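**Student:** The lines below spell out each chain.
Number of protein chains: 2
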Amino acid sequence: MSKIFDEVLAANKSYVAAFDKGHLPMPPGRHFAILTCMDARLDPAKYAGLSEGDAHVIRNAGGRASDDAIRSLVISYKLLGTREWFVIHHTDCGMETFTQEIMRDLLRKSLKAAQFGESGWSDVGQGEGHPAGDFINWLTIQEQSESVCADVQHIRSHPLVPQDIPIYGLIYDVKTGKLIEVPEAMQIGRAG
Amino acid sequence: MSKIFDEVLAANKSYVAAFDKGHLPMPPGRHFAILTCMDARLDPAKYAGLSEGDAHVIRNAGGRASDDAIRSLVISYKLLGTREWFVIHHTDCGMETFTQEIMRDLLRKSLKAAQFGESGWSDVGQGEGHPAGDFINWLTIQEQSESVCADVQHIRSHPLVPQDIPIYGLIYDVKTGKLIEVPEAMQIGRAG
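Same order as they appear, the protein sequences are chains A and B. Sequential numbering of the first sequence, starting at 1279, is according to the numbering used here. Sequential numbering of the second sequence, starting at 1279, is according to the numbering used here.
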C-alpha cells in the first residue's frame, strides 16, 4: 500500500486510541449544516467551531449548490432536523482559475494532470483525452460574492426547501481564516 | 441573527486570532482526496490526521460517488494534482434508514421535517408537500460494504478517471472511530 495510505491509517489509530464519541446520536446536535468547498486549506470544523456530532458538512469543488448538494441539504433538514444552513465559498478558489471551455478542452487533450503557468492552464500532453467532460457542468466561479448569491438564491428557490430555513451566505478568507458575510446573499437567504 | 449564527462567528473569531495558515498554496500538499459522508459525527481531518492544506475533502449525504463528487474528484486530480483517493462510508448511516420511495412519499406529503419512530419514518403532517423529490435519485444505502464497492467501481470505470489513480474503499465505525478496509473495494480500486 502507499505511504499516504499508511499515514492515514496510522493517524486513525491515534484517533481511535483517544476516541470518546461513540455515544453520539445520528441527528446533528446543533441542528445546522454547512455547504463549503473541498479546498484543502479549509477546515470547517476549525473555522466554524464544530465538534463531532454538531453539524452536517457538505463539500464539493467550489462549495456549489449542485443538484447533489441540494439532495444532501434536503435529507439534512427533512430527515435529520437541521434548521439553518451556511453556504461558504472562499478567496483564492481553484474554481476561479478556469472556465467550462478550458476544462473541457484540457480533458479532450489528456486525462493526466494539467499545469498552471503564466498563460493559464495547459496540458503536459501525455496520454489520451476524452470528450466526456463536455457533458459536465464544471460549476466554475467568476467572482465569489456573485457565486455565493447565486447559490443561496438557487437553494432559496428550490421547491423542496421550506421558506422558514435561513440560509447564510459567507466568504472564507484563506489569508486570515476569517468568515465574511455577503450582505446581498444574507438578504436573499432570509427565512420567509 | 440566530444564536447558531452568532456562535459560529464567535468561534471563527477565536480561530482567526490564532491563525497561522495564510501562506498555504492552493494544491493539496499531501496530494490526496477523501470522499466521505456529511454525517455530523465524522470529522475527516481528525479521523484521517489532516492539517489545513493537506488534502481535498468532498462530502455529501452518504459519501456517494454522485455526478457532483465525480466532478470534484476530476478537478482535484486534473487541476490540483491529487494522486490517491479514499471513499469512506460509515456505520449507522442515515442513508440506510430509508428508500427512494419512502423519501419521495414523505416529500409529497410535506416539506417539513419527518419523524423516525418504531415503524420507520413518518410525516408530522404540517404544510404542503411537493413532487419534485420524484425526480431526484436519493442515493440511499442498503449495506455499507456494498455501497463502498459500488462507488469505488463507479469512479474506477469513469471515462475521465485515469487508471493509475488508486481508489481506497473503507468504512468508518462511528462507535470506535476506526477506519476499516473493505477488501473487495480495495481490490476494485487498485491502480491499473
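Hints were generated in silico from the structure; no laboratory data involved. Possibly wrong hints are sitting among the right ones.
Chain B stretches covered by chain A per the calculated footprint, using a threshold of three residues with CB under 8 Å from any CB of chain A [said to hold, decoys possible]:
| hint | segment |
| --- | --- |
| 1 | 1305-1315 |
| 2 | 1384-1398 |
| 3 | 1404-1410 |
| 4 | 1425-1432 |
| 5 | 1451-1462 |
Calculated cross-link-like contacts (lysine to aspartate or glutamate; reagent style EDC-like; alpha-carbon spacing at most 20 Å) [what the hints assert, rightly or not]:
| hint | chain 1 | residue 1 | chain 2 | residue 2 |
| --- | --- | --- | --- | --- |
| 6 | B | Lys1456 | A | Asp1401 |
| 7 | A | Lys1299 | B | Asp1298 |
| 8 | B | Lys1291 | A | Asp1401 |
| 9 | A | Lys1387 | B | Asp1370 |
| 10 | A | Lys1456 | B | Glu1285 |
| 11 | B | Lys1390 | B | Asp1412 |
| 12 | B | Lys1299 | A | Asp1370 |
| 13 | B | Lys1456 | A | Glu1330 |
| 14 | A | Lys1453 | B | Asp1298 |
| 15 | B | Lys1281 | A | Asp1401 |
| 16 | A | Lys1299 | B | Asp1451 |
| 17 | B | Lys1324 | A | Asp1298 |
| 18 | A | Lys1281 | B | Asp1284 |
| 19 | B | Lys1324 | A | Asp1284 |
| 20 | A | Lys1291 | B | Asp1442 |
| 21 | B | Lys1387 | A | Asp1442 |
| 22 | A | Lys1456 | B | Asp1451 |
| 23 | A | Lys1453 | B | Glu1330 |
| 24 | A | Lys1324 | B | Asp1284 |
| 25 | A | Lys1291 | B | Glu1285 |
| 26 | A | Lys1324 | B | Glu1330 |
| 27 | B | Lys1299 | A | Asp1451 |
| 28 | B | Lys1324 | A | Glu1285 |
| 29 | B | Lys1456 | A | Glu1285 |
| 30 | B | Lys1453 | A | Asp1298 |
| 31 | A | Lys1324 | A | Glu1379 |
| 32 | A | Lys1456 | A | Asp1442 |
| 33 | B | Lys1456 | A | Asp1370 |
| 34 | B | Lys1291 | A | Asp1442 |
| 35 | A | Lys1456 | B | Asp1298 |
| 36 | B | Lys1390 | A | Asp1370 |
| 37 | B | Lys1281 | A | Glu1459 |
| 38 | A | Lys1324 | B | Asp1370 |
| 39 | B | Lys1324 | A | Glu1459 |
| 40 | B | Lys1453 | A | Glu1379 |
It should be emphasised that the depicted structure is a prediction, and the values quoted were computed from it without experimental measurement. The beta carbon of each residue, even a glycine, is placed where N, CA and C say it ideally should be.
**Student:** State for each hint whether it applies.
**Tutor:** The hints, checked one at a time:
no., hint, result
1, 1305-1315, "holds (count 7)"
2, 1384-1398, "holds (count 7)"
3, 1404-1410, "holds (count 3)"
4, 1425-1432, "violated (count 0)"
5, 1451-1462, "holds (count 6)"
6, Lys1456(B) x Asp1401(A), "violated (39 Å)"
7, Lys1299(A) x Asp1298(B), "violated (28 Å)"
8, Lys1291(B) x Asp1401(A), "violated (41 Å)"
9, Lys1387(A) x Asp1370(B), "violated (43 Å)"
10, Lys1456(A) x Glu1285(B), "holds (14 Å)"
11, Lys1390(B) x Asp1412(B), "holds (17 Å)"
12, Lys1299(B) x Asp1370(A), "holds (14 Å)"
13, Lys1456(B) x Glu1330(A), "holds (14 Å)"
14, Lys1453(A) x Asp1298(B), "holds (9 Å)"
15, Lys1281(B) x Asp1401(A), "violated (48 Å)"
16, Lys1299(A) x Asp1451(B), "holds (11 Å)"
17, Lys1324(B) x Asp1298(A), "holds (13 Å)"
18, Lys1281(A) x Asp1284(B), "violated (41 Å)"
19, Lys1324(B) x Asp1284(A), "holds (15 Å)"
20, Lys1291(A) x Asp1442(B), "violated (28 Å)"
21, Lys1387(B) x Asp1442(A), "holds (17 Å)"
22, Lys1456(A) x Asp1451(B), "violated (33 Å)"
23, Lys1453(A) x Glu1330(B), "holds (12 Å)"
24, Lys1324(A) x Asp1284(B), "holds (15 Å)"
25, Lys1291(A) x Glu1285(B), "violated (32 Å)"
26, Lys1324(A) x Glu1330(B), "holds (9 Å)"
27, Lys1299(B) x Asp1451(A), "holds (11 Å)"
28, Lys1324(B) x Glu1285(A), "holds (13 Å)"
29, Lys1456(B) x Glu1285(A), "holds (14 Å)"
30, Lys1453(B) x Asp1298(A), "holds (9 Å)"
31, Lys1324(A) x Glu1379(A), "violated (35 Å)"
32, Lys1456(A) x Asp1442(A), "violated (27 Å)"
33, Lys1456(B) x Asp1370(A), "violated (34 Å)"
34, Lys1291(B) x Asp1442(A), "violated (28 Å)"
35, Lys1456(A) x Asp1298(B), "holds (12 Å)"
36, Lys1390(B) x Asp1370(A), "violated (37 Å)"
37, Lys1281(B) x Glu1459(A), "holds (16 Å)"
38, Lys1324(A) x Asp1370(B), "violated (25 Å)"
39, Lys1324(B) x Glu1459(A), "violated (27 Å)"
40, Lys1453(B) x Glu1379(A), "violated (46 Å)"
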